[in-house]
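S.K.: Chain residues, written in single-letter form:
Number of protein chains: 4
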Amino acid sequence: MDFAHDDRTSELLARVDGFIREHVDPVEGDHVRELQAQPQPWTASPLVEEWKGLAREAGLWNLFLPDEEHGAGLTNLQYAPLAERMGRSLLAPEVFNCNAPDTGNMEILLHYGNQAQHDRWLRPLLAGDIRSAFCMTEPDVASSDATNMEATAAVDGDEIVLNGRKWWSTGVGHPNCEVLIFMGVTDPDAHRYQRHSMVLVPVDAPGVTVERLLPAMGFLDAPSGHGEVSFDDVRLPLEDSVIGAPGQAFEIAQARLGPGRIHHCMRLIGLAELALELACRRAVARTAFRKPLANLGGNRERIADARIAIQQARLLVLHAAWLLDTQGLLGALSAVSQIKVAVPNMAQDVVDMAMQLHGGAGMSNDTPLAAAWTTARALRIADGPDEVHRGVVARVELGPYIEEAEGSPA
Amino acid sequence: MDFAHDDRTSELLARVDGFIREHVDPVEGDHVRELQAQPQPWTASPLVEEWKGLAREAGLWNLFLPDEEHGAGLTNLQYAPLAERMGRSLLAPEVFNCNAPDTGNMEILLHYGNQAQHDRWLRPLLAGDIRSAFCMTEPDVASSDATNMEATAAVDGDEIVLNGRKWWSTGVGHPNCEVLIFMGVTDPDAHRYQRHSMVLVPVDAPGVTVERLLPAMGFLDAPSGHGEVSFDDVRLPLEDSVIGAPGQAFEIAQARLGPGRIHHCMRLIGLAELALELACRRAVARTAFRKPLANLGGNRERIADARIAIQQARLLVLHAAWLLDTQGLLGALSAVSQIKVAVPNMAQDVVDMAMQLHGGAGMSNDTPLAAAWTTARALRIADGPDEVHRGVVARVELGPYIEEAEGSPA
Amino acid sequence: MDFAHDDRTSELLARVDGFIREHVDPVEGDHVRELQAQPQPWTASPLVEEWKGLAREAGLWNLFLPDEEHGAGLTNLQYAPLAERMGRSLLAPEVFNCNAPDTGNMEILLHYGNQAQHDRWLRPLLAGDIRSAFCMTEPDVASSDATNMEATAAVDGDEIVLNGRKWWSTGVGHPNCEVLIFMGVTDPDAHRYQRHSMVLVPVDAPGVTVERLLPAMGFLDAPSGHGEVSFDDVRLPLEDSVIGAPGQAFEIAQARLGPGRIHHCMRLIGLAELALELACRRAVARTAFRKPLANLGGNRERIADARIAIQQARLLVLHAAWLLDTQGLLGALSAVSQIKVAVPNMAQDVVDMAMQLHGGAGMSNDTPLAAAWTTARALRIADGPDEVHRGVVARVELGPYIEEAEGSPA
Amino acid sequence: MDFAHDDRTSELLARVDGFIREHVDPVEGDHVRELQAQPQPWTASPLVEEWKGLAREAGLWNLFLPDEEHGAGLTNLQYAPLAERMGRSLLAPEVFNCNAPDTGNMEILLHYGNQAQHDRWLRPLLAGDIRSAFCMTEPDVASSDATNMEATAAVDGDEIVLNGRKWWSTGVGHPNCEVLIFMGVTDPDAHRYQRHSMVLVPVDAPGVTVERLLPAMGFLDAPSGHGEVSFDDVRLPLEDSVIGAPGQAFEIAQARLGPGRIHHCMRLIGLAELALELACRRAVARTAFRKPLANLGGNRERIADARIAIQQARLLVLHAAWLLDTQGLLGALSAVSQIKVAVPNMAQDVVDMAMQLHGGAGMSNDTPLAAAWTTARALRIADGPDEVHRGVVARVELGPYIEEAEGSPA
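Residue numbers (the working numbering), protein chains in the order written: chain A, 52 to 461; chain B, 52 to 461; chain C, 52 to 461; chain D, 52 to 461.
For the record, the hints were derived by calculation from the structure and aren't laboratory data. Glycine included, each C-beta is placed from N, C-alpha and C at the ideal position. Treat each hint with caution, since some may be false.
Stated by the list, open to error - Under 7 Å between C-beta atoms, here's a sample of chain A residues computed to sit facing chain B:
no.: 1; residue: Ala193
no.: 2; residue: Gly410
no.: 3; residue: Gly411
Taking the hints into account, I'd like the entire structure generated from these sequences.
M.R.: Here it is in structure tokens:
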């Protein structure tokens, strides 16, 4: 449980930080505003493509991937500070090929994909040449309860046929997005965890329609974008398309849950740190009623509370990462749900405080705060709403007492 | 302090409600999304123009204006429930010619404008033929402290010359916006409350440039829009342009403060009621884990808390309205600041709860919740940030004790 | 819904206030500390008895009782400000014979008691000669769900036999306490609202044992005291003892619920006002780091928030009182539960803030704050915990939507 | 930054835990209630004295003391889990001779006391034969600002003369308390950190009067007790009495600040864990409305939030302990203030939740919850109020930005 950066982490962190400071920071604000302003569908940013080339050359590439052959071979605990650093920037995760949902998709493909799937999809994803989306959430049912899922992935001989409507399919708006991972019911009568299949779908497959891109609290999250996608009798070759075997989707999904949430949370901590830094700078520089804001009312107390909140949240994520590394998803079940509740709420609050200190500027797009605020808010719903994760934490917490109360059979 | 609706209020409320239900409600959602999607600069909505005609014919017009000749002659307490009803809808305030900042601008012109100003600007504003903006906040200084203002309104013979840069000039994006009210320093050596002038500026006056429209937390607030406006040596005839006399801006500004904040707050209460209604409908209709959301976890408690919070906030605003009606701005000083703190925070929380119950739908523009959430958030900054209003409340609260402690002269 | 004080209320309020300022305020602090320090069982305070005589002479007596013959004949809305004023003091409610649980007990006896019960118990209670307790909550079951009640009141010919154990029987520690109202199951097979009986029990009846007095968060609430009381085959004459008829307890209990909660809440508002006053005085008088506390950190903001919270809470209670007066308990159901949630939480927070401003003094008994804090906390459990009341509010709120969703039969 | 227990810690933790489970747990509840009920001044508990003997024999003694000769030689990080374990129990800290304020007093004496002082006071303190108090806070000034201190310690030849009034002198009520450490002004004209002296005062020295014992939120904290103590011309031999040298008090005080706060916070975490365990047991065992409390309303969410809050707080304290061990007080300055804010607030909230789940039982002394709640609350004031610690955190946070803004001299 040693949370100090080891040498490898320190070295990578310094280089990632240096890269961002040199290349990204000086122009990012303007560039993001340009991307946000352009009409859909988005065109890929040549600047980001250029940075990707540089990052790849520098070996700052696929750092998220614990696999040593294809990725950096870091543990979750080692990668966490790198994710935090990237999270201070909107573009950095893509620059280092460490952006959701591609990260989770690559992990899935690496572990469960067959050779053909590796060749066709994993290789270009690892290379950063294409991007991908993940299609699980549905508009018509409460997707926090996965058994509600209505989309179907019916096996028909050596083909699989997809029908249904998905939304909040993150990444589908990206101009480089070429493949979707679709989740649907194959056998409704099987055990609840063996009903669903995960299917690779070329974005241009007949029957696939990106109906629209969804703004999240007003922001279109360019350049990635969340989409609503309909699948009408999308017919695909079974072996090329199904990941693992039909009915294996839940098992596969496990693989991306833990790390994905740790990445999200660490990036949010980076965002919260950025917000706190901006708040401090503003508090020192801006004057009202003949005093710097730092000396007015409760502003100092709020800055202190933000520091305390970030500090606690980071340690909680590092602890969850360490548990995941050492005890696997099951041993980290409560811990991962804990961070999924604690961190987005913390980040929303810290950014809200920073926005308030910025007055009108905080609401505009002149600072990254407004976008950061909605990002944090969205993550209280995405990847499982707070309520579902609190339910997991409580279930783990109450478990032993329920067992004890029920007694053991003689 | 009778908060029951009197006959006049009840009758108007029923008619406003009926009008909105008949005309606006059935199409508003789609229409707002259309308006949000159109590129800037916005074109006026023919639908809204049509509704305005109907509302005017029906006598549901200028209800906000306490003046009996030009408006409905209602007290703040009488108008409050009407504002609440309008606030449930994004478009209704404009439909009834009761939208900010025109309401405040009309009040100012009515009381302080000369005949020429009435003819040129007040008349078409009262008729809903044109719209207006209010230019006070500046990007480079903390505008919550009005003495920071840097823009100038220099008297030069029978002309007045404006220089400076303003932002968050609400309404400036509206295609019908024809006049701005500009506030700037005329005599920096005068008493701090006699330095500033308020000046009417045709939006097409030479030297006036709408530099850009500002999204507030991602939303452009079409069709009104908040703008950044520069004034470069804008030279205008003194008598036609200055409202009241040079140096009188602070006195004039008082007139719009109290009612404006009550309007904002009552509209937010309408918005919070809408959010709570949507939350209840969702809680009843949506199922997860084989139960309606209403029966899951803390959802009922949150709905209860929302009801309690709205109820308290509404009573607080009605009380402030009554104070303003009976004791004037000075007697209502703390009360108006109290609602300005309490209501936007309440509304933000209630809408946040409703969004959470809606999952992904709550983040999208498929419901009015995301926009409502950012509206509530923005009002914690607009018209004076929370911190400044808390300062006013505390000053009034501590006043007698400070006086007592300092003793009275022999 | 006119919340202004009418003439009758204003006159009584002025006299109650004058009485407390003249008699109680100057010595109350020391006297309460004396009472708190004396060993149990408490002896009655001669000072309080003396004040009671004066209050009765002055006609400031039984002000809570809406009955015009035996009480002051005030509505809940009229009585509310008087309860608030009394609530600023620990002893004042008893001084004016307006203290719980006697108030509720007198109401019950007045409406449901027979002539013999009036003569034996109501008359001396109205005269302030004796005091009473209410025995409903039980240690072994969740009493927030009244159907859990285990105590029995079995009819045996013309006798009734009580068995069971009660606790948090408020008032049982008072030296003048002579009668208990006991609630128990008479007919477990009847409709759930017709099972229970309410029985008058002389405190010295054979089989009644006050097992102990219970401190609430460390405070014994002298001189009233909460007790744990056992009832072992307590055999009483049926007609003299049962209030109303066997099985009528739930119906009778309704009578005391609404007003009792309004009284509690208004007294807590008085307590919160007292705490805010003490906080302001301290903020002005105490110096640290060369500034009065009022000018340090977030203290002013907290004072503002306290003012806003109290103001909202008071209006909410007045609104509930008005509803209760005009629409009866059913029409005020949600409103009464709303205040029962909102007010104790508000009071706990406001007092906590005041305590913090007082540093060590706030924790001691040198100010009334520590006791006030625990009083507010206790009322989040007493008379129905927050959670149960939130449940009521949510049920009323969701009701129409559930009905609508279920549709109506043709 | 390795927060896993090392072998030494694991072994000690298991033995401390075993000791408490065997000896203390089975009888503690009743015994504490007996101690709480006994009239002052308290007599020492023979049971505690017996346990102390057993603990000492077992080598579970002075575990807090980093000195290897006189104590266990543990780092703060190693001791932290032991303090947490002891904190679940009211009596355990004294049983292991690890209770405040003796711990801090022993540290001070060890490092700054001369041989005579070691012989007379340190030796019996280390042996657990006597106890001590620390007299710093004063009733008449805001003691959070130490420069306010009014008590004096005047050097007069080879004597030192003490005058002043102290309160919240923890431990002074204990029957074994034999020595006080008094802090007073020696040279008001010296640098603000060189004005004060720390003086050892036999509790029976002429001029020392324990005026009264102070309940903290109703609890007298038997058997230790907080006292108000007056010092009237207490004349003592300089060399025997002054710790270090006159004027050295601030420097000496530093030594106890960091570790003391870590101990307090870890004990509170133990208390919060105990409260959460009780909450879970209650949630599982208690039934209302035909469901266990765990399945009612928001109870599960609150249990989850409590787990998340405790987890974060513990990690934050461990981090602060590690900083203190590796970087000293200065490097841990913000971290120590962070925990001093975060942990008592967290503990108050968690215990409040547990109390609420316990209904009336939670308010009584039948569970440790009511006492725990007030303990947590008191620690938001004791050892520096929240506001002062937030000020420290903000100062450290803003420091670099202020420096940067002010620029560096050429």
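S.K.: Look at each hint and say if it fits the structure.
M.R.: Here is how each hint holds up against the structure:
no.	hint	in the structure
1	Ala193	holds (4 Å)
2	Gly410	holds (6 Å)
3	Gly411	holds (5 Å)
The structure fails none of the hints (numbered hints given earlier).
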